[in-house]
Each structure stands twice: as C-alpha cells, then as structure tokens.
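Asker: Sequence:
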Amino acid sequence: MATPLRSNSRLSTAMERTGQWVFSQEIPTDVIVEVGEANFNLHKFMLVAKSNYIRKLIMETNEADLTRINLSEIPGGPEIFEKAAKFCYGVNFEITVHNVAALRCAAEYLQMTDKYCDNNLAGRTEDFLSQVALSSLSGAVVVLKSCEDLLPMAEELKIVQRCIDVASARACNEASFPCRTPPNWWTEELSILDVELFGRIIGAMKQRGAKPLTIATALITYAERWLRDLVRDHSGNGIKCSEPIDSDLRIQQRELLESIVQLLPAEKAAFPIHFLCCLLRCAIFLKASSACKNEVEKRISLILEHVTVDDLLVLSFTYDGERLFDLDSVRRIISGFVEKEKSMAVFNGGDFREVSSSAMQRVAKTVDAYLAEIATVVELSISKFNGIANLVPKGSRKVEDDLYRAIDIYLKSHPNLDEIEREKVCSSMDPLKVSYEARVHASQNKRLPVQIVLHALYYDQLKLRSGGADDRNQPDAVTTRNQLQADVSLVKENEALRTELLKMKMYISDMQKNNQTGTSSKSIGTRKPTFFSSMSKTLGKLNPFRHGSKDTSHIDDNLGVDVTKPRRRRFSIS
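Using UniProt numbering, the first residue of the sequence shown is number 1, and each one after it goes up by one.
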C-alpha cells in the first residue's frame, strides 16, 4: 500500500509519471471494478493511492487476493467513476458545471478527500464550484439541476443549498436591475429545474423581499414550460387530449399543477386574469384537488372586473372546443365577486341589495355577452342559463339589451321549448329595462312568450298615453311597473265581472227553458212568451220597489215615513 505524500506538486508529478509508466509498460491489471453493467480493469496500487474507501475494502477483505470490487452505488454511475479513475491515474479530464456536483459526490463516496491525500478530487471539485460554477446564475442553476439525481448526498454536502442561495440572490438582482435582454431571461433559466427545487428558490426569493410580480413572472414561465399543451393553448380549438386522465403523464401534470398553485404569492392581483383562467381550466381538466381549484377561483373572483368574454370561454369549453365544461366554477367565481362587491357596499355605507358599482356594471355586461356565446350550446339547460344570469344584481344592469340578445339566441338555439319553458328563460330579464329598439324587436319576435311581448307593447302604449316620445320625460321602470300591476289588477276585476255576467245569462237562459217546458201543457191558443217578456218578468221579481209605490216624486224628504214592516193580512173570498 502506498503511503500518502504531503507535497502536492510531488504527488501530482509522481502520479502522472506512474500512470504513464503503467500504460507504457502494459502492466497486467489485478482488479476488476464493477459499476452497474460496466467493468473496469484497473490496478490496485493506483486506486489505493487516491481512494481511502478502496484501501479499506482491500485491507478488510477475507479473501487472499481481492480481484473484484463492486461500486454500483457510486453517485453518477459508470461515467463519473471513469473520470475518478482517470484522476487516480493522473490522466487529464474536463470538470464542467454539468459534472462537478457528481464528481464531488463521487469523491466523497470514494473518500478521495484532502484528509487522505493532498490535492485530491474533493478539493479540486470544491475549487471549481466556488470559483467557477457558483459565480453566475446560469452556472448555479445547471449545478442544481444535476443535483436532482444525486440526492441525498448532494444535500448533505451543502451543494444544493449553496446553489439555491446563489440562484435566488442573482435572480432578485436581475429582476430589479436587469443586465441582459430580454429582461426576464432569468425566468427561463430557473424553469429547467424540478418543481421541488424550483419551489425552494421561489421561497428563498420571497425571504429576500422579491416583489409579488417578480414571483408571478417566474411562475408563469415555469407553468408554460412544463404544462405547455394545457396552459399555453388559449384558443379552445387546440389539442385533442387523447391521453387518459389516469395515465402517468396526467398524474404527474396534476401533481405539478398543485405544486405550482401552492407557490402562488399572497398578493392576489399579481397574476393576469387570463393566465389564471387557463390555470383553472387545466385544474378542471386534470381533476385537481378541490383546494387547488378553490384557490384559483378565489383569485379570479377578486379581479373579475378585468375579465373578458374570451377568458370566461376558456373556462367553459374543453381543449378541442367540442364540449361544454361544468359551469359550476364560473358560477362560483361570479358569486364570489358579487359577495365582495356587496361587502364593499356595506362597508361604504351603501345598500348591499343594490350593487351598481362601475366594476359590477362591467362584469354584468361581460356576463351577458358570455351568456350569448354559450347560449348556442344544445346541452345548456335552462336552470344553468338562468343560474348564471340571476347571479348579477338587478341594479347593475341599467339596460338589459345584452341579456335580451342572449335570451333570444338561446330560444333560437332551442326551438322545441314550450310556452312555460320559454317564460322560464325570460324570467331573468326585466322587459321594461330594454331599449326602444329592443322593444320593437321583441314585439315582432315570435320566439318570445306572449307575456313578454305584451309587456313590451304595453310599455310603449304607456309612453304614447303620457304624450311624449322622449325617454327622459317618461316615468322610470319602477313607476311603469307599478302602473302595469295596477292595470293588470283592473283587468282581472273586469274578467271576474264578465264571468259573473255570463253566469247570469246562463241562469236566465235556464229559466227560459224551464218556462217553456211548464207551459207546454197549456192550450195551443196561449201565446208563447218571448225572451223579452221573460226577462221583464224576471227583472220585475228582482225589483226592490215592487211592494211599494213606483212613484216617489211626491214624497217630501222632511216628512217622517213609517218604514216598519206592515202586518200580514189574510184576504179571503167569501
């Protein structure tokens, strides 16, 4: 066994000369080193000079002559062991940012440290790490990427933490003071990492005080890289997702998505709403956990005033654009925004029942346009259509032309609805809050139920009755609605009176028939009573003055009149 030398220069020179002599003399090898499926024919004395681990194996073996050593567990595998063996033989090889972490771990595994031999492999790799690899963001990220296959040894040697510290510090500096173009180049560098290591860098950046927008930029780049087909396809007419939802790929994507959502910064408005909508559609498609979907839905609700119709359509259709997604997420998002607006209205001393802020009005207009887009879907039920339409407070719709258009498109796309079903569709709309042009269109629209058409016509009739065509001089919708309700009540009373008159006419007709039957047994010479005579007799019976004088003109109002009931007298013919 060779004795360790203490002079770095003398050792390096001696090993180089020994290696050259071994190769030139073609000395037969005396040990086979197995690393996985690879076998290396080497010389014991060359390996023992650098590796304390191999020295211990040879000394502690019970075999007389150890000829085979298994090093299959060495970090980095056969490729890294080959470089370590070359180092033992004094053969030059290149240390790079891609292999330095593996060489450092292999040196630790083989105990090729400076404690055993000066200027050993461990010292050489440490020098390269500190002086070259960790001097830049790109180098630190590449080294950290190579550590993914070297855990937990790379973690124990502090290589991972050193890389995270350098990468997070450099990323924060680049975000604040960019020195390269494009300014967000550093996000592409970080996106090559595994989500666990990427998350640790994001956490370190947060601790260093990175702005939420900086964190959001890195997360968007990372999501678009690893979920490219699911996040970056915004058209709704893109990929055919033929991969089964329970496949290994989809499971990995689901876990990755949930990890990304957990990394979102606390600042709710840090992300553009379009990205959040794409992220939520991805979560719905991959069947992510409820906590994951709820978190994204809450973030969308808080900034819903910036949403567009295309953003909502991203949530509504599958990636191939052929099927309608479950609309429960859309309903929860709109409901959450309305509740937020109500809370703000109460906080500001307003009425939570009448939410009509500018943000709420923008959302109401967007929701109505969104309903017009999905109204053509055949499988969209009336309950789901009305469920979304009724989420918007009534006060936020000053004019309901957009909602009327959505209802008209729905009725046109569902021609088999009966009168009651069409009335249900129209129940979410106030016909008195549509414009004059919309009322003219509604009065001629055969798809609308009769009640809605009558409301439109009646409103215009009230305007004409009031004597003006200027909408500014006309009563508002509330006054008109009250007038309409009063007139409807009057119409109902008229109908009730008409019904009573018809009953009386039928009663008189029945009496006439009975009179005709009773007089049929009399002589033929008797004159047949006419309708007017029967009517006269009947009304005569109903005359309240038939027991008194019909002429009351001579009665003085000041005279006392005895109104007591006269006593009955019996008249007889003797």
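No lab work stands behind these hints, which were simulated from the structure alone. There's no promise every hint is true.
Stated by the list, open to error - Computed list of lysine-lysine pairs in BS3-like fashion (alpha-carbon distance at most 27 Å, straight line):
hint, residue 1, residue 2
1, Lys384, Lys342
2, Lys293, Lys398
3, Lys298, Lys424
4, Lys340, Lys384
5, Lys287, Lys398
6, Lys433, Lys446
7, Lys44, Lys158
8, Lys287, Lys342
9, Lys340, Lys365
10, Lys83, Lys206
11, Lys268, Lys158
12, Lys505, Lys446
13, Lys384, Lys424
14, Lys394, Lys384
15, Lys446, Lys503
16, Lys365, Lys298
17, Lys365, Lys398
18, Lys513, Lys503
19, Lys293, Lys342
20, Lys340, Lys446
21, Lys424, Lys503
22, Lys293, Lys211
23, Lys56, Lys44
24, Lys145, Lys211
Asker: Which constraints among the numbered hints does this structure fail? Numbers only, ascending.
Answerer: Of the numbered hints, 2, 3, 5, 7, 8, 10, 11, 12, 15, 20, 21 do not hold.
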